[in-house]
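Asker: Protein chains in written order, with my numbering: chain F, 1 to 248; chain L, 1 to 395; chain Z, 1 to 272.
These aren't lab readings, by the way, just hints derived from the structure by calculation. A hint or two may mislead.
What the hints assert, rightly or not - Some but not every residue of chain Z turned toward chain F, in silico, with C-beta under 10 Å:
| no. | residue |
| --- | --- |
| 1 | Ala138 |
| 2 | Leu183 |
| 3 | Pro188 |
| 4 | Leu191 |
| 5 | Ser271 |
Idealized CB from N, CA, C, for every residue including glycine.
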Amino acid sequence: MNVIEVKDVWQIYDNRIVLERLNINIAEGSFVSIVGPSGCGKTTLLRMLMSEEHASRGSILLDGKPLSREPTVDRGVVFQRYSVFPHLTVLGNILLPLELRSSRVCGKFFGARRRSAIEDARTMLEHVGLRAAAPLYPAQLSGGMQQRLALAQALMAKPRVLLLDEPFSALDPGTRADIHVLTKRLWEETKMTIVMVTHDISEAFRLGTRVIVLERPSPDEPGKGARITHDIPVRARQTATPDKLKIA
Amino acid sequence: MHGGTKARESMDAWVRVSSLTYPRIGEDVWFNDRGLHMLTRKSFLKSGAAIASIAAASGVAPARSEAKKKFTLAWTIYVGWMPWPWAAENGIVKKWADKYGIEIDVVEVNDYSTSINQYTSGGFDALTITNMDTLAVPAVGGVDSTSIITGDYSNGNDAVILKDKTSFADIKGQSINIVQYSVSQYLLDRGLQLHGMTERDVKVVNTSDADMAAAYLTPEVTAVVTWNPIVEQIMQNKSAHNVFNSSQIPGEILDLVIVNTKTLNAHPEFAKALCGIWYETLGIMLADTDKAKAAQTEMGKLSGTDYAGFASQLATTHLFSDPANAADFTRGSSLITTMEYVRKFLFAQGLMGQGATSPDVVGIEFPGGHIMGDPKNVMFRFNADYMAMAAAKSL
Amino acid sequence: MRIINLHPGRRGARLLAAAPFVTVVVLYLIASAIRLAANPDDRLLPSIGKMVAAVKLMAFTQDMATGDYLMVSDTLASLQRLGEGLAIAISIAFVVGIAVGMVPYLRRMFVPFIAAFSMVPPLAILPILFIVAGIGEAAKVTLIVIGTAPYMIRDLFMRVEEMPKAQLIKAQTLGASSWQIALRVVVPQMLPRLIDSLRLSLGPAWIYLISAEAIAAQDGLGYRIFLVRRYFAMDIIIPYVLWITLLAFLFDILLRLLQRIAFPWFAGAKSQ
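Isolated chain F, as found in the complex (with noise of 0.2 Å):
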């Protein structure tokens, strides 16, 4: 079953080719790297993903159906940097998605659902790592616990599919690995389709069942967009029926 159809996609800009003829499909529980080089296109492809920008010619469609004109609740993102919100503590942002999908008026809890929804968000921090650091305001945290943030955010939402922007680019080899890690064990506890950007090959390779590769035709032409050059399967996708994190 496909989650995402990209049919013959092009991006256009004034006179600029920057994407064409991009066709894919996404299986559920997928983990797909887009990856190639930078300036190629990709985070437009992702930005189209999310319904930021609309594209030029060609359809996108979600289970089906054509994509949202805005970005909505089934395409969860995690962008590199400015995921969270800094004036919510950690807890507070993992709180956030709850809050929005209860109440529309006035965007909190009170009383007893409440506390069951702090509940529910200090087990989502307990999964994530960050426990200790629930208090704190995101600008307290290092690089690779806000991205941690970010994720379980975007989780705590119960995205259709994940889309990831150059996650972890900003991190150090060594959160980098770390994050690596939990990335792969919520994507194997969640079942979550995931489509990832990174310009990094090893860090695609190691995280996706599939990568793809984005390339401008060389010499780089104006009137030619990037378009997909590989397509390599990787491993197997999580294919047992969406079975979301339990919480509580």
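Let chain F serve as the given structure and place chains L and Z on it in line with the hints.
Answerer: Relative to chain F, chains L and Z alone:
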């Protein structure tokens, strides 16, 4: 001795700049500047900086004798003082200055209150000013000043205006918009006195003269005291009634030319020149000739109005055009009575200094030697000699 | 050693900071003494003693006519006008700034207009203000609002626009509606920036307050300064000016403190 050229040069520069930069509110630019012109913070700061630099210079620099002694007379826009710039522009000032071998600089100051403060700081040798303000600021401020020209008295230029009420007695209990501590308040006080009331019967709200006309239009304002041309402007409203004005206390609100007494004693030729300029100019402008009309038109333009506007303001100003009359008036007893009212008013308002226990704290000397107040602290003198010389044509 | 690498020590830094103040005071005392030697009644540069006596009179002696302690009642009157004006201004700035910053339709409609409006010098439209608002308290408070709100609105919506787009997208992917984004993401992050904006607007607010009081008033710090200027009472004016400066300084410190206590995360977030 008066401070040196350095002070005067910085003064000139500041005054020249300030006359270009003061903002005028509204297009009807004929606001009489005898009162408080609203100072913007910028100009207030500039004047403060100038005053400070003058203070430093004038306090420290010794007097230097020069080839030709230079003196300054400062004036502000007011119908009774417009002869000065006209005389300066038409060579009369230079003529008389040359006659006595001196140089006279006639400088305009945009704001009346500032001109007084600068004179008191030592920035000018002579100043056009009212009798009341002479006593309140330079005299009380320890700057011995002599009035050498009694130019005119306000004969209706200052007025108390009530909205929709026709009798002065109706002012009781009202809030009055007025420039506090100006001649307007003196007028108000005299009016209250003459009608058996005191300031306790009214409430005084300090209002800038530049905004008086606009303020009158608001419904909250029901009583104002102000001067021309603002009086004329407000009287254009049907609701306005002139219930009391300076023509009912003639001779009490005087416009003078004062000179720093120390300067005067050392250089009496300065006073002679000033008198010569004044009475020659008056002679020209008040005659029944075309030249007079041209002069008045020019003076009107210099004060932001036209011939008709200027003439109507002249009508409520009693100019002492004959120097003999001016000298007589200055020697007369009514002046003494007037100054008694004035100093009582200032003392009651607390304007004679913090430590003053009575109006006698400052002495006022009259022609003939009569002294009102402390004879050991005479700071304000009336001198009729130069006017008499003008009358005798011995200038 | 290059001068750019020379650093004063801790004590040195304090001495350096105090030096200009001390110099000004010393120069003043010298100039004042010179003038007073020539004329003991000199008004331009009153002696410290005279100013102290003036403060005693204004702040610690009851006024004969009204029974008030003038400096106290002046301060309270001015602070009330300032407080009301600023409260209204920040409320307007907050609502309009955030709405305009977040909603593209509103942004297109209002940004040019607000920019133009902020160029109108408030003191020049004073006569119109009188006709509309009278010459009482309302006019003074309105002048303060007109003078400070446009800057704060513009500052605020520029800050909203500066917010990383990533945050807005993240919020949407967490399921937030526009209203929820405003309430839970934008507003909490703009509140400390509003305090910064307010701190910067305090200076102009004082200017407008004093100008307004110069026009038609019966009390207030600006009123008193313009009133006694008529008879050149620098011994009252200088202490009043120093007092206003001290008040402005205190408010700035209080606002910074408020920002630090209410928004402990802001300092860290700003540096990132």
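Asker: Which of the numbered hints above does this structure break?
Answerer: Going through the list in order, the structure violates hint 1 alone and respects the others.
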